[in-house]
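When you get a sec, could you build the whole thing from the sequences and use the hints?
Chains as they are written, first to last, in my numbering: chain H, 4 to 608; chain V, -8 to 231.
Hints may be right or wrong, so weigh each one.
[Stated by the list, open to error] Derived list of chain V stretches under chain H, where covered just means 3 residues or more per stretch with a C-beta under 8 angstroms from a C-beta of chain H:
1. 63 to 69
2. 73 to 79
3. 90 to 103
Keep in mind the hints are simulated off the structure, nothing from the lab.
From the three backbone atoms N, C-alpha and C, an ideal C-beta is built for every residue, glycine too.
Each chain is listed here by its residues.
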Amino acid sequence: MARIVGIDLGTTNSLIAYMKDGQPCVVPDRHGRTMVPSVVALTDNGLIVGDSAREHLTRNPERTVYSVKRFMGKGLADVQSELAYFPYHLSETGGVIRIRLGPKNYSPPQISAMILKELKRRAEAHLSESITKAVITVPAYFNDSQRQATKDAGLIAGLEVLRIINEPTAASLAYGLQEKTQGTIAVYDFGGGTFDISILKLKGGIFEVLATNGDTHLGGDDLDRVLVDLFAAEIRDQRGIDIGSYPDHMQAVRLEAERAKIRLSDELKTEITIELPENRGCFTRELTRDQLESLVVGIIERTLAPCRIALKDAGLTPNDIDEVVLVGGSTRMPLVRQRVEALFGKVPHCHLNPDEVVALGAAVQADILSGGTTDMLLLDVTPLSLGIETMGGVMSSLIRRNTTIPASAKEMFTTYVDGQTGVDIHILQGERELVKDNRSLARFRLKVPPLPAGVPRIEVTFLIDANGILNVTAKDMRTGQSQSIEVKPSYGLSDTEVERMIEDSFKFAAEDVGARKLIEARLDADALIKTTEKSLAEAGHLVPTAEVDGIRTSLTQLSAAKDGADARVIRARMAELEQAATHLNVAMLDDSLKKSLHGKNVSDV
Amino acid sequence: MANDQSSPHSETRRQLQMARSMCWHCQSEMSGEYFCERCVKVQPVSKDADYFTCLGVPRRLTLDPKKLEAKFYELSRAFHPDFYQTKSPTEQTISLSNAAVLNTAYRTLRDPIQRAEYLLALEAGSVKDIRTSPPADLFEEILELQETLEEYRASDRDSEQGHRLRATLQTEQQTLEGRREDMESQLRQLFTDWDQLQDREEATSQARAERDRVLKHMRDLLSNRTYINNIVSDLAATIA
Chain H
4 MARIVGIDLG TTNSLIAYMK DGQPCVVPDR HGRTMVPSVV ALTDNGLIVG DSAREHLTRN
64 PERTVYSVKR FMGKGLADVQ SELAYFPYHL SETGGVIRIR LGPKNYSPPQ ISAMILKELK
124 RRAEAHLSES ITKAVITVPA YFNDSQRQAT KDAGLIAGLE VLRIINEPTA ASLAYGLQEK
184 TQGTIAVYDF GGGTFDISIL KLKGGIFEVL ATNGDTHLGG DDLDRVLVDL FAAEIRDQRG
244 IDIGSYPDHM QAVRLEAERA KIRLSDELKT EITIELPENR GCFTRELTRD QLESLVVGII
304 ERTLAPCRIA LKDAGLTPND IDEVVLVGGS TRMPLVRQRV EALFGKVPHC HLNPDEVVAL
364 GAAVQADILS GGTTDMLLLD VTPLSLGIET MGGVMSSLIR RNTTIPASAK EMFTTYVDGQ
424 TGVDIHILQG ERELVKDNRS LARFRLKVPP LPAGVPRIEV TFLIDANGIL NVTAKDMRTG
484 QSQSIEVKPS YGLSDTEVER MIEDSFKFAA EDVGARKLIE ARLDADALIK TTEKSLAEAG
544 HLVPTAEVDG IRTSLTQLSA AKDGADARVI RARMAELEQA ATHLNVAMLD DSLKKSLHGK
604 NVSDV
Chain V
-8 MANDQSSPHS ETRRQLQMAR SMCWHCQSEM SGEYFCERCV KVQPVSKDAD YFTCLGVPRR
52 LTLDPKKLEA KFYELSRAFH PDFYQTKSPT EQTISLSNAA VLNTAYRTLR DPIQRAEYLL
112 ALEAGSVKDI RTSPPADLFE EILELQETLE EYRASDRDSE QGHRLRATLQ TEQQTLEGRR
172 EDMESQLRQL FTDWDQLQDR EEATSQARAE RDRVLKHMRD LLSNRTYINN IVSDLAATIA
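Following this line, the structure appears as structure tokens:
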């Protein structure tokens, strides 16, 4: 069976991991970095992803998409309150948010697919093989639409998504593999955009989730925003500048807020410096950890209610928890650790890298699916109750939250009017009484043969599979015939739309490759220019002046080529420069060798 | 739309049992429990099998939770879709539906109350005349309590009246919780009684009457307990 990789598609960063000799490991890039920033930028040379796209956040804010995970499976109304924070343009078509990048609109799954493709390329380069199958993680509290959107993203990226698994449970797999713990654990997963709590029982290789809860709109992003609001208000009051009207500076404020928050996890105070627009100088202030904590304590408190509900649903008290595992970058904050410790009454476990543990767990799950690991089994639950609309706008629950998946429920439907040929069914997810307070998942129309009222008997099976995704089938009990159902998702792409996006994605793949080559060539050219200039400064005197002039000419030519849009030209100029600098490099090597030997006896050599 | 959980007609049942005796893949006579002994393919759990049969435990009301869990884990390892990723589509479908049935079975039997309610449904044939509405005295009491609850919800919580109502409700909650405790201990006794009757396997009319009596008593207690349970959680949520 072809290799299956594990992918953590995060709000802030994404990672790809695989199993190597029974141990999961994350794929690094050429510089050894394991995290790909979940950022996509449209540049003059096409779409770019990751570290290089991150640089465009301040340079090109309207065309640089970050935190796209917050929009997965959502409509515009769901994110109305935070629209002001995003510099890029959002709209909605067919219940799905669209993000404008240059002349075109993209759905969140398409943007996520670009990140997935980048990860796929990275793994393919590292493993020298083609990657087509993956396990992708999602927040445990993701609803059906958000899971489906993630699966769509995989398809668009050319990946067969064999399993969608929950982030905290993935983390527990990696943790269980490493620590060999038995007992009851709580996984507290506070990431860039989402919060999850999962309570699991680990016993003889079985990882049984007892309860899960969370908030898919609560994460590090929200902590940053508190700081952004504070700085923006201070800049307005002290300097009379509305920084919010400068998208590029606003991004700089956001990034500085994020960096300051991170620094304050290790330090007690830090200096904030924000460059102001229109050459108005800089805004500076000191921020202490105490100040940060008093600003964000309310947000951190919001993670505790889901923890209490999960404990209650599991029928446990904090004393029953043997170990608390921390996952996600936001758990590096000392205040978060204090609150978690106070709630559970024990010091949380944080030996594992909270940034990598989810991807590692996804790789373990991938290995289970491919038959490599056979002693571990994850029994997960559905985070939200599933039901249908009944008379009076009330939701009738069919599958309760925290039911182990796969889970199924059957419901028999009939008609009220003679000759009625259809029954409309509205599927919902949520914990509230009324339909309007729950999440609409989908609608479909059951076809019924025209018969006297009450005679038709159509049995509908609602099955939540191991991915936490709903499948609906229907059977006419009179004839025993199965009926195919066309479910129209309330907040999702239709199958035809996904297919078109897959085609588009292949069409644009060629352009994307071109853009990536150009960016890589530019980065390499920069590195070469830097080292050559350094060599010239240090050892220019060791080679003839004519050669130095030649090197300088090549340098100028390479710099010019670097600003162009042709990767091949850049590579050619680089080769020329390397050629011109051959003597210089040899001379430098000889010189350093001589220096290192200087003062030593021949016998020492 | 109407909920209908009646069992299939006897004709269908017979066909299902016949289908069950043959491997769907190699058509050989089935002797293994979940896997064909000849071709080692997973077999669908019979749609007719009750949850006790499905989990391979006796149809009893007192079950050892540890043994039940061990059985659930063992069967999860046998059926879970994770282990069928490389198998044929038919096997994947069987694995998915078997795992779903297994999960429902375990969820139902794991909880003593749900287990008893399920058993009552299975045995319903022999206790057709049981009453499903709560006894009048309990009904009156609950109605009265609902009124006090409404009054409290409408009142200013910090007023003297609010404090008084709250105190009344708190006392009521404690009384009801005590009553629920009582019912549960009675139920536990009935569970043991039922299991002993089953163990004796007597087919006399006296034994049948005794079984019906236990079932009926159990049903009454379970339904009263549900009423009390609902009002207690309502109370707890309101005065919390």
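Comparing the hints with the structure gives:
Figure legend: the segment 63 to 69 of chain V, annotated as covered by chain H; annotation consistent (3 residues with Cβ-Cβ distances under 8 angstroms, at least 3 required). Under a criterion of three residues with beta carbons nearer than 8 angstroms to beta carbons of chain H, the stated coverage of the segment 73 to 79 of chain V is upheld, 4 such residues being counted. Coverage of the segment 90 to 103 of chain V by chain H holds. Counting CB-CB distances below 8 angstroms, 7 residues qualify, and the rule asks for three or more.
In summary, this structure violates none of the numbered hints.
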